[in-house]
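Build the full structure now, drawing on both the sequences and the hints.
Taking our numbering, the leading residue of the sequence shown gets 1, the next gets one more, and so forth.
Think of the hints as simulated: they come from the structure by calculation, not from any bench.
Where a beta carbon is used, it is the ideal one built from N, C-alpha and C, also for glycine.
Careful: at least some of the hints might be erroneous.
[As the list claims (entries may be wrong)] Label pairs and their in silico Cβ distance ranges:
no.: 1; residue 1: Ala457; residue 2: Arg183; range: 50 to 60 angstroms
no.: 2; residue 1: Gln558; residue 2: Asp393; range: 34 to 44 angstroms
no.: 3; residue 1: Arg553; residue 2: Asp334; range: 41 to 51 angstroms
no.: 4; residue 1: Asp63; residue 2: Asp334; range: 54 to 64 angstroms
no.: 5; residue 1: Glu604; residue 2: Glu367; range: 33 to 43 angstroms
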Amino acid sequence: MEFMGDRATLLETGRFVRRHAGNVADATISADAADNVDSSGSGASADSVETAGAEARHRRAADGGDTASMSVLGALLLRRGDLDGAEPYLRAATAEGDRAAANNLGVLLHQRGYADEAAGWWRIAAVAGSAAAAHALGRHFRERGDEPAAEYWLRQSAEQGHALGAYALADLLEHRSDAGAERWLRAAAEQGHREAAYRLARALERRAAEEARAGGDVGLVMGRAGRGAGAGRAAVAGPAASGRVGRGNGGKAASGRAGRGDASAAVADGVGVAGPAVAERTGNDVSSAGAEAGRTGSPGSQGGAGSQGSAGSQGGASSADAAAADGPQLSVLDEAAQWYQQAAARGHRRAALHLGAILEKRGELKEAGRWYLTSAKDGEARAACALGFLLRDAGDEESAAVWWLRAAQDGDGNAANALGALHAARGEQQTAERWYRAAMDAGDVNGAYNLGLLCAAQDRTPQAEQWYRRAAYAGHREAANALAVLLLQAGDATGAEPWFSKAAEAGSVDAAFNLGILHVGRDDDRTALRWYERAAAAGHTEAALQVGIALLREGDEQAAERHLRCAAGGGSAEAAFRLATVLDSRQPPPGPPALGEAMAEKSECEEWYERAAEQGHRRAQVRVGMLAAARGDMTDAARWYREAAEAGSRNGAFNLGLLLAREGNEREAALWWARAARAGHGRAALRLALLAARRGELTEGQRWCARAVELGPAEVSERAARLREALHQELTA
Numbered sequence: 001m002e003f004m005g006d007r008a009t010l011l012e013t014g015r016f017v018r019r020h021a022g023n024v025a026d027a028t029i030s031a032d033a034a035d036n037v038d039s040s041g042s043g044a045s046a047d048s049v050e051t052a053g054a055e056a057r058h059r060r061a062a063d064g065g066d067t068a069s070m071s072v073l074g075a076l077l078l079r080r081g082d083l084d085g086a087e088p089y090l091r092a093a094t095a096e097g098d099r100a101a102a103n104n105l106g107v108l109l110h111q112r113g114y115a116d117e118a119a120g121w122w123r124i125a126a127v128a129g130s131a132a133a134a135h136a137l138g139r140h141f142r143e144r145g146d147e148p149a150a151e152y153w154l155r156q157s158a159e160q161g162h163a164l165g166a167y168a169l170a171d172l173l174e175h176r177s178d179a180g181a182e183r184w185l186r187a188a189a190e191q192g193h194r195e196a197a198y199r200l201a202r203a204l205e206r207r208a209a210e211e212a213r214a215g216g217d218v219g220l221v222m223g224r225a226g227r228g229a230g231a232g233r234a235a236v237a238g239p240a241a242s243g244r245v246g247r248g249n250g251g252k253a254a255s256g257r258a259g260r261g262d263a264s265a266a267v268a269d270g271v272g273v274a275g276p277a278v279a280e281r282t283g284n285d286v287s288s289a290g291a292e293a294g295r296t297g298s299p300g301s302q303g304g305a306g307s308q309g310s311a312g313s314q315g316g317a318s319s320a321d322a323a324a325a326d327g328p329q330l331s332v333l334d335e336a337a338q339w340y341q342q343a344a345a346r347g348h349r350r351a352a353l354h355l356g357a358i359l360e361k362r363g364e365l366k367e368a369g370r371w372y373l374t375s376a377k378d379g380e381a382r383a384a385c386a387l388g389f390l391l392r393d394a395g396d397e398e399s400a401a402v403w404w405l406r407a408a409q410d411g412d413g414n415a416a417n418a419l420g421a422l423h424a425a426r427g428e429q430q431t432a433e434r435w436y437r438a439a440m441d442a443g444d445v446n447g448a449y450n451l452g453l454l455c456a457a458q459d460r461t462p463q464a465e466q467w468y469r470r471a472a473y474a475g476h477r478e479a480a481n482a483l484a485v486l487l488l489q490a491g492d493a494t495g496a497e498p499w500f501s502k503a504a505e506a507g508s509v510d511a512a513f514n515l516g517i518l519h520v521g522r523d524d525d526r527t528a529l530r531w532y533e534r535a536a537a538a539g540h541t542e543a544a545l546q547v548g549i550a551l552l553r554e555g556d557e558q559a560a561e562r563h564l565r566c567a568a569g570g571g572s573a574e575a576a577f578r579l580a581t582v583l584d585s586r587q588p589p590p591g592p593p594a595l596g597e598a599m600a601e602k603s604e605c606e607e608w609y610e611r612a613a614e615q616g617h618r619r620a621q622v623r624v625g626m627l628a629a630a631r632g633d634m635t636d637a638a639r640w641y642r643e644a645a646e647a648g649s650r651n652g653a654f655n656l657g658l659l660l661a662r663e664g665n666e667r668e669a670a671l672w673w674a675r676a677a678r679a680g681h682g683r684a685a686l687r688l689a690l691l692a693a694r695r696g697e698l699t700e701g702q703r704w705c706a707r708a709v710e711l712g713p714a715e716v717s718e719r720a721a722r723l724r725e726a727l728h729q730e731l732t733a
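Structure below.
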């Protein structure tokens, strides 16, 4: 392929190279006037440029025909922006074969708008061995869409160790999804290129996420910087268990974070390469000295301001990187964190954001907060938002609100949602609504969902439906679930089902569970079980309970136990009780304790009973009381019976009455038996009848006998009938 241009240029290039093949070191300028000019190749001292009389001395030497001084003076004037003054000196030095001058002349011409002529001089300098000129030429060709030529020259630059050439080559290869991009990103990053370090870290982090997903650990990568203020719950009416709406984000309102968030996950990296005039500085060549020389634009998506990478920074790999090479093998995510740190230390605000997110995920909150603060002060709204969540979790709600306000004013919808949730929790509904609207205006669909939650909490159902519908049409799965619940509660099951299905297919665990409830109501237990199983597989506690109950009905006790353990571990008191019942059924019946035998340790089933009892499960409380009584611990038994009885358990009231009667407190025992009997406990009614008979209260005894006969069971009814007959005979005697 012809990369060199027309024949005249080719001949001129050949003469230039033959005449000056030994001139391999070039004078350099940078966009930063504070940088030193290294003119070692032409015999000029770098320090001389810094002295007050340097320009005058170089001017005298240049006017006397000294090529090196012409090049250095031209570079000095170019850096200052004096293009008219620089051009004659650069042309004269170029004519004498100074390749740095040829590169800098290309920079000057590009700044004047003569891109093709600039490319001609860059080509000459590049053929003479200038890595910076090869970089600028590659960028020139890429700007014009000639990717093969761009790759050729960028590769020439990168293979000479030019950091910016390596970065630009990596960008080109990444654009084509070429696996070789990472190699050149690493090469540039190891030379101190901060944008390369940032993008290398992003690539490593994505790889870590893929490895985590492949290994089933989806939550390994990224902190919680996209977290929101949570999402509310609402019960779905149904014949089985109650459903839940909006659980997906955690609390009462949703923002980008689920209960907290992932600022980093919200960052999509569209990293662009600036125009061909921006051939950044490395080594001894002039980097195309335009206003943006030394920087490469890196605009972020998601509406955030793009950060600019100072690609011209020089230097080798950091000490951390060197340690990584010699020490133990780092994990992919650890290596990503190191590159983020290198970029962040050089002022890359989004690298600081991502580093903070990784540190937060690790629990290193102090360090995470420091990097979030650094990024936020540099204007990164997502970092300000993430810092707000850290402060909120630390209990400093006022400081959190300050950072959320700053982020929200910069257009961060997540922060606006967090502010909305904060004001809603304080009862400031109008202010909350204003911030939710601001989030929606910023493009955050959670804003519409939160407005729906806010209206639903105020019983403004038509408005809630409107906002849920808006968010649902925009793809918000929990809004689709909430909308379906509203429709179902209004009696429109036909309209609710498609929204439940849409939400479930999008990954809403609650919607899958609610579909199970919907199908149970239609007596379609098979379909219901399928949805319950899907929700249970995603960690839905109540769904796991329903699957466990269904499997118990089918006689598959082993599979049922697995699901009940999941549900019980997730906090379901009913699941803990049913699991304990399954385990209890496998235990041999206890024999009478031997004299002097130590009290047996609690079995696993008793531990599950106790867990359920502590959560207020009445049947579990009664069972724990019975087990305590069997151990002879009457104090503990009485405590559990009383808790169950006070919560409305008739068995608890009956058993508590038995304990009290044995202790001689028949008066209080009668009170609890009466409560149990009124609740339908036949044995309690029989006990009251016997107690009344002993006291001679025959009419009262007959009344309780009649109640016991009515309530049963059969054995109790038979005894109560005999007692009633005896009392009748006594009364009529």
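Hints, one by one, checked against the model:
1. Ala457 / Arg183: 50 to 60 angstroms: holds (55 angstroms)
2. Gln558 / Asp393: 34 to 44 angstroms: With a Cβ separation near 41 angstroms, Gln558 and Asp393 satisfy 34 to 44 angstroms, so the hint holds.
3. Arg553 / Asp334: 41 to 51 angstroms: Given about 49 angstroms between the Cβ atoms, the range holds.
4. Asp63 / Asp334: 54 to 64 angstroms: For Asp63 and Asp334 the Cβ distance comes to about 58 angstroms; the hint holds.
5. Glu604 / Glu367: 33 to 43 angstroms: Since the Cβ atoms of Glu604 and Glu367 sit about 42 angstroms apart, the hinted range of 33 to 43 angstroms holds.
Hint check: no violations occur; every hint is consistent with the structure.
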